[in-house]
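Asks: So the protein lines, in turn, are chains A and B. Anchor point for the first sequence: position 267 equals 272 in the numbering used here, and the numbering is continuous, going up by one each time. Anchor point for the second sequence: position 85 equals 89 in the numbering used here, and the numbering is continuous, going up by one each time.
I should point out that these hints are in silico values taken from the structure, not numbers from a laboratory. Do not rely on the hints blindly, as some may be mistaken.
To be verified - In silico lysine to any residue, SDA-like type, Cα no more than 20 Å apart, as pairs:
id: 1; chain 1: B; residue 1: Lys43; chain 2: B; residue 2: Ala73
id: 2; chain 1: B; residue 1: Lys72; chain 2: A; residue 2: Ser105
id: 3; chain 1: A; residue 1: Lys434; chain 2: A; residue 2: Ala275
id: 4; chain 1: B; residue 1: Lys72; chain 2: A; residue 2: Asp106
id: 5; chain 1: B; residue 1: Lys72; chain 2: A; residue 2: Leu110
id: 6; chain 1: B; residue 1: Lys72; chain 2: A; residue 2: Thr103
id: 7; chain 1: B; residue 1: Lys72; chain 2: A; residue 2: Glu353
id: 8; chain 1: B; residue 1: Lys43; chain 2: B; residue 2: Asp237
id: 9; chain 1: B; residue 1: Lys43; chain 2: B; residue 2: Asn207
id: 10; chain 1: B; residue 1: Lys43; chain 2: B; residue 2: Ala244
id: 11; chain 1: A; residue 1: Lys434; chain 2: A; residue 2: Gln203
id: 12; chain 1: B; residue 1: Lys72; chain 2: A; residue 2: Gln330
id: 13; chain 1: A; residue 1: Lys476; chain 2: A; residue 2: Gln357
id: 14; chain 1: A; residue 1: Lys434; chain 2: A; residue 2: Asp192
id: 15; chain 1: B; residue 1: Lys72; chain 2: A; residue 2: Ala195
id: 16; chain 1: B; residue 1: Lys72; chain 2: A; residue 2: Lys434
id: 17; chain 1: A; residue 1: Lys476; chain 2: A; residue 2: Glu353
id: 18; chain 1: A; residue 1: Lys476; chain 2: A; residue 2: Gln330
id: 19; chain 1: A; residue 1: Lys434; chain 2: A; residue 2: Ala195
id: 20; chain 1: B; residue 1: Lys72; chain 2: B; residue 2: Gln202
id: 21; chain 1: B; residue 1: Lys72; chain 2: B; residue 2: Gln185
id: 22; chain 1: B; residue 1: Lys72; chain 2: A; residue 2: Glu109
Said to hold, decoys possible - One side only, chain A facing chain B, incomplete, derived with CB under 8 Å:
id: 23; residue: Ser97
id: 24; residue: Glu99
id: 25; residue: Asn540
Just so you know, even glycine gets a beta-carbon here, dropped at the ideal spot from N, CA and C.
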Amino acid sequence: MTQHTRTREHDDDCDESTTTRRSYMAGLGTGLAAAVSPLTVAWPWSDPGSLSELAATYDAFGGGTATEIAIEHGNARHPSWPVVYEAGKRNSLETWLTESDDRELLAEHQPSRAATVIAPPGDIRSLAANGWIEGVDINFEASYADPVDNLAERVENNGLGLTSFQRRLVGVLSDLPTTAGLATDTDAEAVTPAQVRQILTADTEAVTSLDTSTVTVAVVDTGFNAGSGDILGDRPSDADYSPRLLPESKSMISGETVADNGLSAIEDGAGHGSFVASQILGNPSDADYQGLLPNANLLAVKALGDDGGGTMADIANGIRYAAEQGADVICMSLGSPQYGTDIAAALEYATQEGSIPVAATGNDRQATRWVATPASSEDAIGVGATTGDPPAEAQSAYFSNIGPHPGTTDLSAGATNGATPAIAAPGMKIKAKVGQPNGSTTIETLSGTSMAAPLVAGVVGLLLASDSSLKGEFDDVRSRLRDHARPIPAAGTTEVGAGMVDANAAITEAETADQSDEMTDEAFSRNEAYNALSNQQGGLFARFLA
Amino acid sequence: MPHTRRQFLGATAATTLGLSTLLSGSTAAQVDPSEWEYKPDHVALSFPRDELEAYQPKFETSRDARQKAIGLYGYKADSEEWDKTVYAYWFRYAFQDSATDSLGTISQLVSSGPDSHFRDHEPSYIFVDPDGTPDKAVVTGYHHFALDIPFNDEAVWTEDRLSGTRSHVNLSVVDPWHHYQTVPPPAEDSQATLLESQFELSNWLEARDGWKDNGFYSHSHGPAIENPSVMYDKRDTWWADGTIDKQFAPLWIRFGLGGARDSDDLRVEDS
Numbered sequence: 006m007t008q009h010t011r012t013r014e015h016d017d018d019c020d021e022s023t024t025t026r027r028s029y030m031a032g033l034g035t036g037l038a039a040a041v042s043p044l045t046v047a048w049p050w051s052d053p054g055s056l057s058e059l060a061a062t063y064d065a066f067g068g069g070t071a072t073e074i075a076i077e078h079g080n081a082r083h084p085s086w087p088v089v090y091e092a093g094k095r096n097s098l099e100t101w102l103t104e105s106d107d108r109e110l111l112a113e114h115q116p117s118r119a120a121t122v123i124a125p126p127g128d129i130r131s132l133a134a135n136g137w138i139e140g141v142d143i144n145f146e147a148s149y150a151d152p153v154d155n156l157a158e159r160v161e162n163n164g165l166g167l168t169s170f171q172r173r174l175v176g177v178l179s180d181l182p183t184t185a186g187l188a189t190d191t192d193a194e195a196v197t198p199a200q201v202r203q204i205l206t207a208d209t210e211a212v213t214s215l216d217t218s219t220v221t222v223a224v225v226d227t228g229f230n231a232g233s234g235d236i237l238g239d240r241p242s243d244a245d246y247s248p249r250l251l252p253e254s255k256s257m258i259s260g261e262t263v264a265d266n267g268l269s270a271i272e273d274g275a276g277h278g279s280f281v282a283s284q285i286l287g288n289p290s291d292a293d294y295q296g297l298l299p300n301a302n303l304l305a306v307k308a309l310g311d312d313g314g315g316t317m318a319d320i321a322n323g324i325r326y327a328a329e330q331g332a333d334v335i336c337m338s339l340g341s342p343q344y345g346t347d348i349a350a351a352l353e354y355a356t357q358e359g360s361i362p363v364a365a366t367g368n369d370r371q372a373t374r375w376v377a378t379p380a381s382s383e384d385a386i387g388v389g390a391t392t393g394d395p396p397a398e399a400q401s402a403y404f405s406n407i408g409p410h411p412g413t414t415d416l417s418a419g420a421t422n423g424a425t426p427a428i429a430a431p432g433m434k435i436k437a438k439v440g441q442p443n444g445s446t447t448i449e450t451l452s453g454t455s456m457a458a459p460l461v462a463g464v465v466g467l468l469l470a471s472d473s474s475l476k477g478e479f480d481d482v483r484s485r486l487r488d489h490a491r492p493i494p495a496a497g498t499t500e501v502g503a504g505m506v507d508a509n510a511a512i513t514e515a516e517t518a519d520q521s522d523e524m525t526d527e528a529f530s531r532n533e534a535y536n537a538l539s540n541q542q543g544g545l546f547a548r549f550l551a
Numbered sequence: 005m006p007h008t009r010r011q012f013l014g015a016t017a018a019t020t021l022g023l024s025t026l027l028s029g030s031t032a033a034q035v036d037p038s039e040w041e042y043k044p045d046h047v048a049l050s051f052p053r054d055e056l057e058a059y060q061p062k063f064e065t066s067r068d069a070r071q072k073a074i075g076l077y078g079y080k081a082d083s084e085e086w087d088k089t090v091y092a093y094w095f096r097y098a099f100q101d102s103a104t105d106s107l108g109t110i111s112q113l114v115s116s117g118p119d120s121h122f123r124d125h126e127p128s129y130i131f132v133d134p135d136g137t138p139d140k141a142v143v144t145g146y147h148h149f150a151l152d153i154p155f156n157d158e159a160v161w162t163e164d165r166l167s168g169t170r171s172h173v174n175l176s177v178v179d180p181w182h183h184y185q186t187v188p189p190p191a192e193d194s195q196a197t198l199l200e201s202q203f204e205l206s207n208w209l210e211a212r213d214g215w216k217d218n219g220f221y222s223h224s225h226g227p228a229i230e231n232p233s234v235m236y237d238k239r240d241t242w243w244a245d246g247t248i249d250k251q252f253a254p255l256w257i258r259f260g261l262g263g264a265r266d267s268d269d270l271r272v273e274d275s
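Make the full structure from the sequences, and use the hints.
Replies: Put into structure tokens, the structure is as follows:
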């Protein structure tokens, strides 16, 4: 498979510049932010130091952009801030914390030198100016990528209930991309997990013969309901759940684990995490609803509440926890249009620890448009959604977020510049058997990139089961998936990356055609339009500076 | 051969000069905070808890000071080139009213910055002769300006942990600025509360990097912090030369601002 040349991809396997987005961000600092951001940055009279572009917009006087999304605490309503400090400087942070009663440690993860602190914005400004502080972000709420109903409702709602800040930030609907050639809900047929396995070629002998019990998958989401044992199967008669559900499964919100408090610790009132986990690990009595890894282990990490929302700090800490517990794959069907430096740092830590993060690109193509956080990270495999059809017939889902991210609209100071979906999988009208809090199970049908990401996470698990030497090799795994993906002619590389994930081809290293060589004229035109739009929003300028 | 007091002072002066030259050639941005820029190689710093507690001042405090106090930190400085051992103590508080606040709106012009209320840390150095007898204490008598308390001022030294030696100087913490005044030892039936009853002595050597990283000493005279011998009688303040605090303090003292009227006779007034 040859590398495409029409669009700029940010992946490490792309032979272009050796400058990564991470080094670009570090080199650029916040200088570019002020130059290309459409927003006013607060505290213009002082050097924001290590303050993220988003955090710098928190305005203590009531205006400011981050003010609208900040999570505030106590009677004083002070925000919380994820902080990363230099190695050996934990005592320095402790000293800073004890200087004022207004400062409080909310959570921390010493192995990755990360902490979340509550403090007034003026105090944070002085903290960020210290040379031993590597980064300070503001804590805000992210959510799972909402399951999609229909396009008309999406347009009428003017973008999924985005805050006025978010709408202003991204210019929602000011230049709505065409939906011509994209799959709407009426174009998609519902598909069962068994049908999905066929689409992903996960039903071949080379795949079904694999022993997946050696793989652990973390699902960072709304929790998990075991459905009286019928989701994961293999439940002993004297136990509440299958031994495949690891007792280390934990709620980052309450701090409880399954070992401590049983299944109630991770109870899923939203059902989203249970759906995702079933797609990957389901092994119920009905074989049609068997997931891709029917014998792998599940580490359920509840970082989102039953309303689907969660703090960036809880999500980042959930990623770190999953990595510490030895998760081979981390599935994140969640996202935010705003960049989070703490999430980025957590993902970097996770890949260093040997986990392979997989994330949904987001369901806001008509609104926030570009690949969301955490899928926009260099340390995650971002997954776009298609119809539940074989690659030759599949279409990109109208809601599936796209690239190349200009890096100027998410307050990332250019860190996400060039981010594009790495790969795609079915994410429209996907069926799954889902456990309920009361112990029952139901068959549900959902659409969204939330449903596409678990399928790629499952294929990553299959790949690791086929070759244990790939465990922890993030770059190699991502390259293997992309190099052996199947092209989706009706879609652009800006929509589906390297194409449809193909389990059999990835495992057997079968040769496949290149997505960029197979695009139809309509897909190619749409691709060019998205590239032009990215450039118009500052992407070209940002890439030039990089 | 026992060192004379003159030798002690001579070593101090040389050290101060040499390290000051080093300072002029470096900037804060170039210096690793964990490095000891101003400590001479012949000086050894350590934390012998029992020894330090034996010479620890007795701090008489108000309820307000106790609430703001974070802890007492100490270390011992010793050298074969000195005839004194120095026991150094820093009391740290979470908050301090700035001395310049009493200037009203003018304080905005002379204050060292918005964080002048933080990083409140108050020094007291005890200089001890080789026989274990205190020679004198040098403490902050007002806004980091030195107050000499000779051992022959019998009214303020008291015996406690060392049998036969009045090794503890009695200090009253002046609210709300937290500098020290000398006071007689509390009477047997006194209701005075000593800070040492609430805080166990901590190791300043372990805390020092964190303090420095947070700018505690960004306006301080480096040798006065890392080489306590320089405060024996060569400097009248812990502030660095050229700082606003050092330049304006004589004026504040003259007008009695920021608790200056509550001070004993400071070294700076004698110069």
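Asks: All the hints need checking, so say for each whether the structure fits it.
Replies: A quick look at each hint next to the structure:
no. : hint                 : result
1   : B:Lys43 to B:Ala73   : violated, 28 Å
2   : B:Lys72 to A:Ser105  : holds, 9 Å
3   : A:Lys434 to A:Ala275 : holds, 18 Å
4   : B:Lys72 to A:Asp106  : holds, 10 Å
5   : B:Lys72 to A:Leu110  : holds, 19 Å
6   : B:Lys72 to A:Thr103  : holds, 11 Å
7   : B:Lys72 to A:Glu353  : violated, 40 Å
8   : B:Lys43 to B:Asp237  : holds, 18 Å
9   : B:Lys43 to B:Asn207  : holds, 17 Å
10  : B:Lys43 to B:Ala244  : holds, 16 Å
11  : A:Lys434 to A:Gln203 : holds, 16 Å
12  : B:Lys72 to A:Gln330  : violated, 41 Å
13  : A:Lys476 to A:Gln357 : holds, 12 Å
14  : A:Lys434 to A:Asp192 : holds, 10 Å
15  : B:Lys72 to A:Ala195  : violated, 65 Å
16  : B:Lys72 to A:Lys434  : violated, 61 Å
17  : A:Lys476 to A:Glu353 : holds, 16 Å
18  : A:Lys476 to A:Gln330 : holds, 14 Å
19  : A:Lys434 to A:Ala195 : holds, 5 Å
20  : B:Lys72 to B:Gln202  : holds, 12 Å
21  : B:Lys72 to B:Gln185  : holds, 18 Å
22  : B:Lys72 to A:Glu109  : holds, 16 Å
23  : Ser97                : holds, 4 Å
24  : Glu99                : holds, 6 Å
25  : Asn540               : violated, 38 Å
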